[in-house]
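Novice: Use the sequences and the hints to build the structure in full.
Chains as they are written, first to last, in this note's numbering: chain A, 61 to 300; chain B, 61 to 300.
Treat the hints as calculated values from the structure; they're not laboratory data.
From a predicted model like this one, the values you see are computed outputs, not experimental measurements.
Don't be surprised by glycine CBs; every beta carbon is placed ideally from N, CA and C.
Hints are not guaranteed to be accurate.
Stated by the list, open to error - Restricting the straight-line Cα-Cα distance to at most 25 Å, the calculated cross-link-like pairs of lysine to aspartate or glutamate (DMTMM-like) are:
{"id": "1", "chain 1": "B", "residue 1": "Lys66", "chain 2": "A", "residue 2": "Glu257"}
{"id": "2", "chain 1": "B", "residue 1": "Lys266", "chain 2": "A", "residue 2": "Asp82"}
{"id": "3", "chain 1": "A", "residue 1": "Lys282", "chain 2": "A", "residue 2": "Glu151"}
{"id": "4", "chain 1": "B", "residue 1": "Lys119", "chain 2": "B", "residue 2": "Glu151"}
{"id": "5", "chain 1": "B", "residue 1": "Lys266", "chain 2": "A", "residue 2": "Asp235"}
Stated by the list, open to error - Partial selection, computed: residues in chain B whose CB lies under 8 Å from chain A:
{"id": "6", "residue": "Leu217"}
{"id": "7", "residue": "Ala240"}
{"id": "8", "residue": "Leu249"}
{"id": "9", "residue": "Ser263"}
Stated by the list, open to error - Over 10 Å on every C-beta distance to chain A, these chain B residues come out as not near it, computed from the model:
{"id": "10", "residue": "Ser84"}
{"id": "11", "residue": "Gly128"}
{"id": "12", "residue": "Glu144"}
{"id": "13", "residue": "Glu151"}
{"id": "14", "residue": "Pro153"}
Listed below are the residues making up each chain.
Protein chains: 2
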Amino acid sequence: MDKGNKPSLEVSLSPALLHLYDLSQKIVVVIDVLRATSTICTALHHGAQKVIPVDSVEKCIEIGRQLGAITAGERDGQIAPGLEHGNSPLEYPASFIQGKTLVLTTTNGTRLLHMAKDAEEIVIGSFLNLSIVCDYLVARNRPVVLACAGWKDRINLEDSVLAGAILHRIKSHFDVQCDAALIAEQLYLATHNNLMEHIQQASHYKRLSQHGFQRDIAYCLKIDQATVLPLYRDGAIERA
Amino acid sequence: MDKGNKPSLEVSLSPALLHLYDLSQKIVVVIDVLRATSTICTALHHGAQKVIPVDSVEKCIEIGRQLGAITAGERDGQIAPGLEHGNSPLEYPASFIQGKTLVLTTTNGTRLLHMAKDAEEIVIGSFLNLSIVCDYLVARNRPVVLACAGWKDRINLEDSVLAGAILHRIKSHFDVQCDAALIAEQLYLATHNNLMEHIQQASHYKRLSQHGFQRDIAYCLKIDQATVLPLYRDGAIERA
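Specialist: Printed below as a string of structure tokens:
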């Protein structure tokens with residue numbers, strides 16, 4: 061295919077850089093591997109009807125009450141007072157979540173979803189649904205921005221690696237004029253054979269492992285365990 | 061050495077992320093490989109008395125006139141109207157620059173210098189003075205932030221690779237709790253054996269090569285060709 065006819069593919073490694081990218085007319089893939097987007101993919105894969113992301117504990121309680129939904133969210137690694145469940149994907153097996161609505165508040169992921177509101181479409185990405193996201197982006201043939209949530213605006217390793225993994229798989233279908241994309245791809249190529257080892261050096265691992273979440277991390281790095289394509293639309297995330 | 065006693069070493073991959081780092085009491089290394097910090101190192105190595113970085117063409121003309129100094133700067137890859145010279149390090153051989161003052165305006169590098177004004181010290185880094193910068197940081201034994209200039213707040217490849225090169229050389233002397241540092245190091249390890257090839261895929265290369273600056277780029281990637289340690293202090297950059 062002529063390069064000039066390919067849609068663009070860009071990577072934003074932090075929410076603090078997202079304003080540099082024009083999101084209108086583009087598909088934005090929101091990435092928050094540990095753990096918001098991994099948990100959303102898992103809940104929907106296990107049959108949740110929808111996930112409603114909110115930015116505060118108060119909204120979570122209020123909407124949960126209105127809808128009779130499950131409320132979940134953590135602050136500083138603990139279930140937030142007034143909510144029922146945490147942010148771990150392992151808390152949402154089919155036996156628990158099937159057919160239900162989950163109202164979820166997270167620190168970084170929810171904020172990024174709201175920041176991406178000008179996009180043509182917003183897709184939820186994780187290692188757990190890597191292949192289905194890649195297949196979808198290629199099939200849609202539209203310009204794409206991969207938007208990493210990071211941690212309080214700092215770039216993080218796991219989100220950057222996933223951006224690189226997506227880029228590496230689909231770049232032949234896109235026009236890549238973005239150094240952050242080249243960097244993410246090199247990072248992915250350098251780390252994917254022993255990703256757990258690299259993540260153990262990362263800031264998030266140190267933060268989460270203090271709360272005993274090593275099992276979460278091992279799960280969130282698995283590829284294609286939750287084969288759903290979640291789309292964010294009108295305030296809720298549902299299967300495409 | 062006990063890890064707890066080592067000073068911190070962090071990497072900011074874009075000026076838009078620099079506010080996340082507390083710069084007070086720290087040494088900031090400003091990195092703008094193509095081409096501000098490479099040109100500054102070269103001019104000082106070739107005997108320039110000082111380099112005065114300014115953020116506008118108007119200031120450049122005014123200060124140049126006051127000091128009887130050489131004025132230099134580009135906009136969109138061309139010598140800016142009213143100035144005498146460009147941003148290429150190859151324009152500043154000893155036969156031309158020795159003993160003189162250079163007033164330089166650049167798009168990204170100057171702005172970053174001003175953003176880092178709260179730092180304890182500001183060091184100018186490039187591939188051209190890599191070893192002397194590394195030796196200095198280890199000897200000073202103070203917390204360090206490596207601050208990449210990028211391009212209009214976007215992360216770029218060449219500055220990130222240099223940050224990774226510095227980190228890789230000196231990390232055993234520092235406490236590294238920063239994912240951007242891990243990413244920069246992986247990028248350096250993945251690209252340093254064929255850096256020119258990788259840079260040819262980068263956005264800056266495409267921009268500069270349109271203006272015929274391939275020679276500049278090849279020069280700016282050379283290690284230890286300008287063995288000076290430039291420090292920014294009170295508005296001017298001089299050899300330490």
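Novice: Hint by hint, note whether the structure agrees.
Specialist: Okay, the hints, checked on the actual structure:
1. B:Lys66 with A:Glu257: The given pair, whose Cα atoms are some 23 Å apart, holds under the 25 Å limit.
2. B:Lys266 with A:Asp82: Distance ~21 Å between Lys266 of chain B and Asp82 of chain A Cα, so the pair holds.
3. A:Lys282 with A:Glu151: Holds, because 16 Å separates the two Cα atoms, which is no more than 25 Å.
4. B:Lys119 with B:Glu151: Given pair Lys119 of chain B, Glu151 of chain B holds - Cα atoms ~21 Å apart, limit 25 Å.
5. B:Lys266 with A:Asp235: Roughly 14 Å separates the two Cα atoms, so the pair holds.
6. Leu217: Holds - the Cβ of Leu217 of chain B comes within 8 Å of chain A, reaching about 4 Å at its closest.
7. Ala240: holds (5 Å)
8. Leu249: This interface hint holds because 6 Å falls under the 8 Å limit.
9. Ser263: holds (5 Å)
10. Ser84: holds (18 Å)
11. Gly128: The claim stands: Gly128 of chain B keeps its Cβ more than 10 Å from every Cβ of chain A (closest is about 39 Å).
12. Glu144: Holds, since 31 Å exceeds 10 Å.
13. Glu151: holds (26 Å)
14. Pro153: At about 30 Å from chain A, Pro153 of chain B clears the 10 Å cut-off, so the statement holds.
Violated hints: none; the structure is consistent with every hint.
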